[in-house]
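Enquirer: With these hints in hand, go ahead and build the complete structure from the sequences.
Residue numbers (the working numbering), protein chains in the order written: chain Z, 1 to 253; chain B, 1 to 270.
Misleading hints may appear alongside valid ones.
Stated by the list, open to error - Cross-link-like lysine-lysine pairs, in silico, PhoX-like; alpha carbons within 25 Å at most:
1) Z:Lys120 / B:Lys46
2) Z:Lys30 / Z:Lys190
3) Z:Lys30 / Z:Lys49
4) Z:Lys49 / Z:Lys67
5) Z:Lys120 / Z:Lys95
6) Z:Lys95 / Z:Lys115
7) Z:Lys220 / Z:Lys9
8) Z:Lys179 / Z:Lys227
9) Z:Lys95 / B:Lys46
10) Z:Lys30 / Z:Lys77
11) Z:Lys67 / Z:Lys30
12) Z:Lys120 / B:Lys45
13) Z:Lys77 / B:Lys46
14) B:Lys46 / Z:Lys115
15) Z:Lys95 / B:Lys45
16) Z:Lys77 / Z:Lys67
17) Z:Lys56 / Z:Lys12
18) Z:Lys77 / B:Lys45
19) Z:Lys56 / B:Lys18
20) Z:Lys9 / Z:Lys67
21) Z:Lys190 / Z:Lys227
22) Z:Lys30 / Z:Lys9
23) Z:Lys220 / Z:Lys49
24) Z:Lys227 / Z:Lys49
25) B:Lys45 / Z:Lys115
26) Z:Lys220 / Z:Lys56
27) Z:Lys95 / Z:Lys49
Derived from the structure by calculation, the hints contain no laboratory data.
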Amino acid sequence: MREIVAEVKNLKAGYGNRVILENINFQVFKGEIFMILGGSGCGKSTLLKHMIGLYKPMSGDVIINGKSIVNTDGAGKREIMRSFGVTYQGGALFKSLTLTENISLPLEEYTGYPKDVIEKIAERKLELVGLDGFGDYMPSEISGGMAKRAGIARAMALDPELLFFDEPSAGLDPISSAKLDELILNLRNKTGTTMLIVTHELDSIFSVADRVIVLDRESKGIIASGKPAELLHESPNPFVREFLSRSDMKRKV
Amino acid sequence: MTHGYPKFTEFVGAATWKFLCDCADILAFTGELFAAACEAVRHPKKIRWRETLYYMDMCGSDAVPITLMICFLMGLILGFQGAVQMHKYGGDVYLAPLVGASIVKELGPLMVAIIATGRAGSSFAAEIGTMKVSEEIDAMMTMGFVPSRFLVIPKMIAMILVLPMLTAMGDAVGIIGGMLVANIKLGIPFEAYYNMTLWGVKPFYFFEGLTKSAVYAFIIASIGCMRGFEARTDAMGVGRAATSAVVTSIFLIAVADALLAFIFSSINES
Chain Z
1 MREIVAEVKN
11 LKAGYGNRVI
21 LENINFQVFK
31 GEIFMILGGS
41 GCGKSTLLKH
51 MIGLYKPMSG
61 DVIINGKSIV
71 NTDGAGKREI
81 MRSFGVTYQG
91 GALFKSLTLT
101 ENISLPLEEY
111 TGYPKDVIEK
121 IAERKLELVG
131 LDGFGDYMPS
141 EISGGMAKRA
151 GIARAMALDP
161 ELLFFDEPSA
171 GLDPISSAKL
181 DELILNLRNK
191 TGTTMLIVTH
201 ELDSIFSVAD
211 RVIVLDRESK
221 GIIASGKPAE
231 LLHESPNPFV
241 REFLSRSDMK
251 RKV
Chain B
1 MTHGYPKFTE
11 FVGAATWKFL
21 CDCADILAFT
31 GELFAAACEA
41 VRHPKKIRWR
51 ETLYYMDMCG
61 SDAVPITLMI
71 CFLMGLILGF
81 QGAVQMHKYG
91 GDVYLAPLVG
101 ASIVKELGPL
111 MVAIIATGRA
121 GSSFAAEIGT
131 MKVSEEIDAM
141 MTMGFVPSRF
151 LVIPKMIAMI
161 LVLPMLTAMG
171 DAVGIIGGML
181 VANIKLGIPF
191 EAYYNMTLWG
201 VKPFYFFEGL
211 TKSAVYAFII
221 ASIGCMRGFE
231 ARTDAMGVGR
241 AATSAVVTSI
251 FLIAVADALL
261 AFIFSSINES
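Expert: This is the structure we're talking about:
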């Protein structure tokens, strides 16, 4: 039986009284690349923000590495948060710190390693994402694609078992986007890290994802889940088939 | 006409509710800040001293010229207005204690705090608001950090250290401003003015002014940061947060001033 790294149970989420998502159930297994797909405004980022503990759901639960992030508060919740990494749309690097300092920050806080060891680890993480030699750069001095890669390096600083990505390809040109997909695949293959990616980028689906779920704005829930290739041919939902066939066509072209 | 009453009642109700919610938020944030401060006292090595020095420079040394200029002008204006009135009643000699006590006890700390609110308070709100827009606060939280420890404590330490120093400098130049007017307008020699200032301004007044200044520093840093955390992530959010930081801080400074004036006058009388 495959080990479950993250699980969402009967999640109902929204803002104020407005329900965005309901009856959301899925599991993410160790070592897989799991994608959350859907059109704009279907609640992909909302789901991610509830999964990483930034928002409390209206009901339901999110289990990360066997612990409920919904029903835990304070230090316990921060402990769960430390067990995963998150990369944000724009990288979310701390602008007042260099790339090395950005990556060193969680290591300084949680490891107690000496400074030179922390710097070495930070350099290695930058190498891992193809940014060796950029450690002294400030976030404002690098491109958007590089900022996203630096964000991945920072998210991987503590070697988490699970990495969340919020729209990793958003705002990137097709070549940078393809390189980022390649990087995500390489990282998974090298480190075995489980990846959960929220995206609406069609290009990434077939080249990166092991399994996907598709969210729908109208039904506020999951309308399909499974392997992309299977869903492309076998999904009973015409929207899902069309969504994935456009991605497949684009890939073939 | 009768339709106006329910609307007015609704408006008053909504405004009162908003005010109470705001008070509750300020209390909750103060509590969080207190916890972060305790953590900082227990683990001083974990305080981000480099950032603290940066904010000391930003709120302190960068603010020296404008603060001194405004305090000097304040002393000049107070001296001028005082000189006109005092001269009418033959009380020229009391101009020095009037200017000295007013500046040291009230106007110095108040003016410096208002300048700091405009410079640092709004800047704190804008900085944290921008970090919120660029998801840096979210990143901090998902890394398991407590944002207030990282973002508020260095600003708070910097402000509490720097504002009383600025106030002391402002007090000195304010008194010099009054001294100039007294010399030019009333012909009071500098030495006599100096001696009268020493006679009229008691050391306790300095303690009172500097204590007020430290309290204002706490208000400016905490409200600036709090409004930054509350900033909406839309286009106008950061601007609104900065404006709100300035307005709320000045209001709370006025309230704190009234309370502290009452407390200190009670202590002084006893």
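Enquirer: All hints are to be evaluated individually against the structure, with a verdict given for each.
Expert: Outcome of the hint check:
The hinted pair formed by lysine 120 of chain Z and lysine 46 of chain B meets the criterion: a straight-line CA distance of about 21 Å does not exceed 25 Å. With a CA separation close to 14 Å, the supplied pair lysine 30 of chain Z and lysine 190 of chain Z stays within the 25 Å bound. The hinted pair formed by lysine 30 of chain Z and lysine 49 of chain Z meets the criterion: a straight-line CA distance of about 20 Å does not exceed 25 Å. For the proposed pair lysine 49 of chain Z and lysine 67 of chain Z, the alpha carbon gap of about 17 Å is at most 25 Å, so the pair holds.
For the suggested pair lysine 120 of chain Z and lysine 95 of chain Z, the alpha carbons sit about 21 Å apart, so the restraint of at most 25 Å is met. Between lysine 95 of chain Z and lysine 115 of chain Z, the direct Cα distance comes to roughly 21 Å. Compliance with the 25 Å bound is thereby established for this hinted pair. Pair hint lysine 220 of chain Z plus lysine 9 of chain Z holds up; C-alpha atoms about 15 Å apart against a cutoff of 25 Å. Our distance criterion of 25 Å between C-alpha atoms is met by lysine 179 of chain Z and lysine 227 of chain Z, whose separation comes to about 22 Å.
With a C-alpha separation of about 20 Å, the suggested pair lysine 95 of chain Z and lysine 46 of chain B falls inside the 25 Å cut-off, and the hint holds. For a cut-off of 25 Å, the pair hint linking lysine 30 of chain Z to lysine 77 of chain Z stands: about 21 Å separates their Cα positions. Between lysine 67 of chain Z and lysine 30 of chain Z, the direct Cα distance comes to roughly 15 Å. Compliance with the 25 Å bound is thereby established for this hinted pair. Between the alpha carbons of lysine 120 of chain Z and lysine 45 of chain B the distance comes to roughly 22 Å, so the proposed pair stays at or under 25 Å and holds.
Restraint check for lysine 77 of chain Z and lysine 46 of chain B: the C-alpha separation of about 20 Å stays at or below 25 Å, so the hint holds. This hinted pair checks out: lysine 46 of chain B and lysine 115 of chain Z have alpha carbons roughly 14 Å apart, not beyond 25 Å. Pair hint lysine 95 of chain Z plus lysine 45 of chain B holds up; C-alpha atoms about 22 Å apart against a cutoff of 25 Å. At most 25 Å may separate the alpha-carbon atoms for a hinted pair to count; lysine 77 of chain Z and lysine 67 of chain Z meet this at roughly 9 Å.
Restraint check for lysine 56 of chain Z and lysine 12 of chain Z: satisfied, since their Cα atoms lie roughly 10 Å apart, inside the 25 Å limit. Between lysine 77 of chain Z and lysine 45 of chain B the alpha-carbon distance is near 24 Å, which keeps this suggested pair within the 25 Å criterion. Between lysine 56 of chain Z and lysine 18 of chain B, the direct Cα distance comes to roughly 23 Å. Compliance with the 25 Å bound is thereby established for this hinted pair. For a cut-off of 25 Å, the pair hint linking lysine 9 of chain Z to lysine 67 of chain Z stands: about 13 Å separates their Cα positions.
Simply put, lysine 190 of chain Z and lysine 227 of chain Z have alpha-carbon atoms about 22 Å apart, close enough for the 25 Å limit, and the pair holds. Between lysine 30 of chain Z and lysine 9 of chain Z the CA atoms are separated by roughly 18 Å; this keeps the pair inside 25 Å, and the hint holds. For a cut-off of 25 Å, the pair hint linking lysine 220 of chain Z to lysine 49 of chain Z stands: about 16 Å separates their Cα positions. Note on lysine 227 of chain Z and lysine 49 of chain Z: the hinted pairing holds, with a Cα-Cα distance of about 24 Å set against a maximum of 25 Å.
Between lysine 45 of chain B and lysine 115 of chain Z the alpha-carbon distance is near 14 Å, which keeps this suggested pair within the 25 Å criterion. For a cut-off of 25 Å, the pair hint linking lysine 220 of chain Z to lysine 56 of chain Z stands: about 17 Å separates their Cα positions. Restraint check for lysine 95 of chain Z and lysine 49 of chain Z: the C-alpha separation of about 22 Å stays at or below 25 Å, so the hint holds.
Checked against the numbered hints above, the structure violates none of them.
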